[in-house]
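Asks: Here is how the chains run, residue by residue.
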Amino acid sequence: MKKFDRRQIAARVARDIPEGAYVNLGIGLPTLVADHLPRDREIVLHSENGVLGIGPRPAKGMEDEDLINAGKEPVTLLKGGAFFHHADSFGMIRGRHLDYCVLGAFQVSVAGDLANWHTGAPDAIPAVGGAMDLAVGAKNVLVMMEHLTKDGKSKIVERCSYPLTAARCVNRIYTDLAVIDVKADGLHVVDMVEGLSFEELQRLSGVPLRRMATAA
Amino acid sequence: MKKFDRRQIAARVARDIPEGAYVNLGIGLPTLVADHLPRDREIVLHSENGVLGIGPRPAKGMEDEDLINAGKEPVTLLKGGAFFHHADSFGMIRGRHLDYCVLGAFQVSVAGDLANWHTGAPDAIPAVGGAMDLAVGAKNVLVMMEHLTKDGKSKIVERCSYPLTAARCVNRIYTDLAVIDVKADGLHVVDMVEGLSFEELQRLSGVPLRRMATAA
Amino acid sequence: MIDKFIDTAQAALADVPDGATVMIGGFGNAGMPAELIDALVAHGARGLTVVNNNAGNADTGLAALIAAKCVRKIICSFPRQADSWHFDKAHRAGELELELVPQGTLAERIRAAGAGIGAFYTPTAFGTKLAAGKETRRIGERDYVLEYPIHADYALIKADRADRWGNLTYRMTARNFGPIMAAAAKCTVAQVRETVPLGALDPEVVVTPGIFVKRVVRIAPLGKAA
Amino acid sequence: MIDKFIDTAQAALADVPDGATVMIGGFGNAGMPAELIDALVAHGARGLTVVNNNAGNADTGLAALIAAKCVRKIICSFPRQADSWHFDKAHRAGELELELVPQGTLAERIRAAGAGIGAFYTPTAFGTKLAAGKETRRIGERDYVLEYPIHADYALIKADRADRWGNLTYRMTARNFGPIMAAAAKCTVAQVRETVPLGALDPEVVVTPGIFVKRVVRIAPLGKAA
Numbered sequence: 001m002k003k004f005d006r007r008q009i010a011a012r013v014a015r016d017i018p019e020g021a022y023v024n025l026g027i028g029l030p031t032l033v034a035d036h037l038p039r040d041r042e043i044v045l046h047s048e049n050g051v052l053g054i055g056p057r058p059a060k061g062m063e064d065e066d067l068i069n070a071g072k073e074p075v076t077l078l079k080g081g082a083f084f085h086h087a088d089s090f091g092m093i094r095g096r097h098l099d100y101c102v103l104g105a106f107q108v109s110v111a112g113d114l115a116n117w118h119t120g121a122p123d124a125i126p127a128v129g130g131a132m133d134l135a136v137g138a139k140n141v142l143v144m145m146e147h148l149t150k151d152g153k154s155k156i157v158e159r160c161s162y163p164l165t166a167a168r169c170v171n172r173i174y175t176d177l178a179v180i181d182v183k184a185d186g187l188h189v190v191d192m193v194e195g196l197s198f199e200e201l202q203r204l205s206g207v208p209l210r211r212m213a214t215a216a
Numbered sequence: 001m002k003k004f005d006r007r008q009i010a011a012r013v014a015r016d017i018p019e020g021a022y023v024n025l026g027i028g029l030p031t032l033v034a035d036h037l038p039r040d041r042e043i044v045l046h047s048e049n050g051v052l053g054i055g056p057r058p059a060k061g062m063e064d065e066d067l068i069n070a071g072k073e074p075v076t077l078l079k080g081g082a083f084f085h086h087a088d089s090f091g092m093i094r095g096r097h098l099d100y101c102v103l104g105a106f107q108v109s110v111a112g113d114l115a116n117w118h119t120g121a122p123d124a125i126p127a128v129g130g131a132m133d134l135a136v137g138a139k140n141v142l143v144m145m146e147h148l149t150k151d152g153k154s155k156i157v158e159r160c161s162y163p164l165t166a167a168r169c170v171n172r173i174y175t176d177l178a179v180i181d182v183k184a185d186g187l188h189v190v191d192m193v194e195g196l197s198f199e200e201l202q203r204l205s206g207v208p209l210r211r212m213a214t215a216a
Numbered sequence: 001m002i003d004k005f006i007d008t009a010q011a012a013l014a015d016v017p018d019g020a021t022v023m024i025g026g027f028g029n030a031g032m033p034a035e036l037i038d039a040l041v042a043h044g045a046r047g048l049t050v051v052n053n054n055a056g057n058a059d060t061g062l063a064a065l066i067a068a069k070c071v072r073k074i075i076c077s078f079p080r081q082a083d084s085w086h087f088d089k090a091h092r093a094g095e096l097e098l099e100l101v102p103q104g105t106l107a108e109r110i111r112a113a114g115a116g117i118g119a120f121y122t123p124t125a126f127g128t129k130l131a132a133g134k135e136t137r138r139i140g141e142r143d144y145v146l147e148y149p150i151h152a153d154y155a156l157i158k159a160d161r162a163d164r165w166g167n168l169t170y171r172m173t174a175r176n177f178g179p180i181m182a183a184a185a186k187c188t189v190a191q192v193r194e195t196v197p198l199g200a201l202d203p204e205v206v207v208t209p210g211i212f213v214k215r216v217v218r219i220a221p222l223g224k225a226a
Numbered sequence: 001m002i003d004k005f006i007d008t009a010q011a012a013l014a015d016v017p018d019g020a021t022v023m024i025g026g027f028g029n030a031g032m033p034a035e036l037i038d039a040l041v042a043h044g045a046r047g048l049t050v051v052n053n054n055a056g057n058a059d060t061g062l063a064a065l066i067a068a069k070c071v072r073k074i075i076c077s078f079p080r081q082a083d084s085w086h087f088d089k090a091h092r093a094g095e096l097e098l099e100l101v102p103q104g105t106l107a108e109r110i111r112a113a114g115a116g117i118g119a120f121y122t123p124t125a126f127g128t129k130l131a132a133g134k135e136t137r138r139i140g141e142r143d144y145v146l147e148y149p150i151h152a153d154y155a156l157i158k159a160d161r162a163d164r165w166g167n168l169t170y171r172m173t174a175r176n177f178g179p180i181m182a183a184a185a186k187c188t189v190a191q192v193r194e195t196v197p198l199g200a201l202d203p204e205v206v207v208t209p210g211i212f213v214k215r216v217v218r219i220a221p222l223g224k225a226a
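Protein chains in written order, with our numbering: chain E, 1 to 216; chain G, 1 to 216; chain P, 1 to 226; chain L, 1 to 226.
Read the hints as simulated data drawn from the structure, not as lab findings.
Some hints here could point you the wrong way.
Capping the alpha-carbon separation at 20 Å, the derived lysine to any residue pairs in SDA-like fashion look like this [said to hold, decoys possible]:
1. E:K79 to P:V205
2. L:K214 to G:G20
3. L:K186 to L:I6
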């Protein structure tokens, strides 16, 4: 079996984003998706801090501290971009105007519950940022994560043990092993990495999976 | 006794608007106040349809149908003016950012209740516009009206018989006979027209009035 | 390529079904999408719920839509005017339902729909006929009325300039309801005076980002070729 | 004559009392009113409640305000960062209260304060720890949490250009919380890169109208004379 690396997961997500989509890429891993969006599709990237139409990273020395994304990294603006304030930006999110958001996760449950903001450790100081707004607001919530924790436990779980970001919000999960849809009747495997059998994926995941009739 | 005409009432209101005030002038009679604002004071006029910094009426032939006030009359814009949308405009009103609004009225009660949008006639089709927002939102609600109805009844009443615009909202009443403050302990006469005695004003008004120690 | 330009007002409204809720921008003539309204009258969808500040004036625009018996209900703040005779007649005949809403509450309910707010408490109209039967609540030292968002299937608005992504600017007080209606409708159609190449609109100056706009029709000002 | 220009950051904040609620704009360095925060540290008011997206980074700005023990409580969405050590220390020591709010709810609560909304229902955080103990309501097919406005005594924001009426423009993503904080505070103080004569700002392009701004301080960019 050949696990996907982070770049490959990002590329797999990017493949699913259609022309004309309005998309928010979460901080961290999901930011990688931007590098893999097909160049022949116009896709409009949103960031919570009040911008639509984010372009590639600026060249070294061309950074502008007034032009950043939600991860506080310098970005550029494409032609057709626009700026707005935070309430308008989150109105866009909450008001279901974003077609997709891509988020990292600690855990996703079989019902599509998402845990990605807080480990629940008693001494941790939690930070939530825009995660709860995106999870509840985007039309399609895509999650990118490693399939297993460092000690080999499935991050896809019957019930999240970490504090929830939002309930029943995830539409599709992209991991280093598979692509899985969250549907009303359970988890459907859309895609697997080369050399991985459905039975092995089922064993590793520890929650009931279904085979998709045809891969996407 | 020399009753004030409409222009004189407007001029009396204008006298009370201080330098730097943000002011909304209601449709109709209150619009006259604009013509009487002292030229040595900078006062910023707001209109519900998304504009601050309204200037004088445009010269004949210079009207622009995209630049109007809430009464749908052509206006001009002063240097320092700004445009914004309806939700922002009413956020300004409701959020208590306007120092003054000047409204017409059918009736004002001794408690400062205002009735100015609906006669209550069973077959009337009512229209409310921004009256309720202004009455509830402006820091100071000034009312301009004739003191008496056509058949000689006081428009200042114990209790409004017309449907309310807002309760306990009026701060000061300007009529063709007097200027009256609405306070927690009742109505205080600030000013009267020449030749009118307090006793006569009291008789015409039909509700308890108090004399102000010194006129404004 | 994203291209929201569409050739005619007719084509832009071809899929409006009977019974749709349609927001119509404008305050007076400023920002009124006259040609889109004409196209809606010609299109002929029936049983519409219309959201507008007024209820039509004289014989054109929204008044013509009412006269053509396309409208079942109007949600507005200021229906009665000297020349609102088509509304007056249809309403008195019981053919046209009226939901009267204070102007600021109307704007905020539209804004709430676009921003995903489920409901909000406003001080406006507390203790008045227009709050009769509505839930109220005292918060701090003020009384409030609970109000719900107004969502729409279509928004017909008039802007000034647009690019092919649907970014819009407005002209003076013609901005009025346009930006909030654009965000509150599933399908926002903007008529504009001018279309410009992508990148021609300053990103600081875009008032309605294209995310809120589905279709853009250029309507040449009178006397200019389309 | 209306003139909101004031010479120094110190003078603009001279009346901030102990115990005030102070909103501070900015997201990252973009829109952070660094010189106003420095002046607030120097001013020395204690027991402040601070509203900001974060809880300070490294040793300057809001972090310095915390280190100087001026802050009693922080309302923010993202306190914990690699370099939020002053916040971490004070919070763990029990000297600094934290109210953690999802970023969109933070923005909407600030916006609600400026717009006179008494409370609103948001779907964000429903069913999570951050809604624990809060009132909820099902509206249509969605569940919502009731949230209240955040009002402030002062807002310290950074804008780009200003005229003497206090009209403001911003620069790119430095706009972020500025416009909504300006409307939510009793006294809004803006530091700007440039002051311009009245009439120099296009009325279509003003983002924060002067009605929301009480004081404007020009802070010359580094390397330029004040």
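Asks: Do the alpha carbons of E:K79 and P:V205 lie within 20 Å of each other, as the hint requires?
Replies: 13 Å, holds
Asks: Is the hinted pair L:K186 and L:I6 satisfied, with a Cα-Cα distance of at most 20 Å?
Replies: Roughly 17 Å separates the two Cα atoms, so the pair holds.
Asks: Holds or violated: L:K214 and G:G20, Cα atoms, limit 20 Å.
Replies: 11 Å, holds
Consistency note: the structure conflicts with none of the earlier hints.
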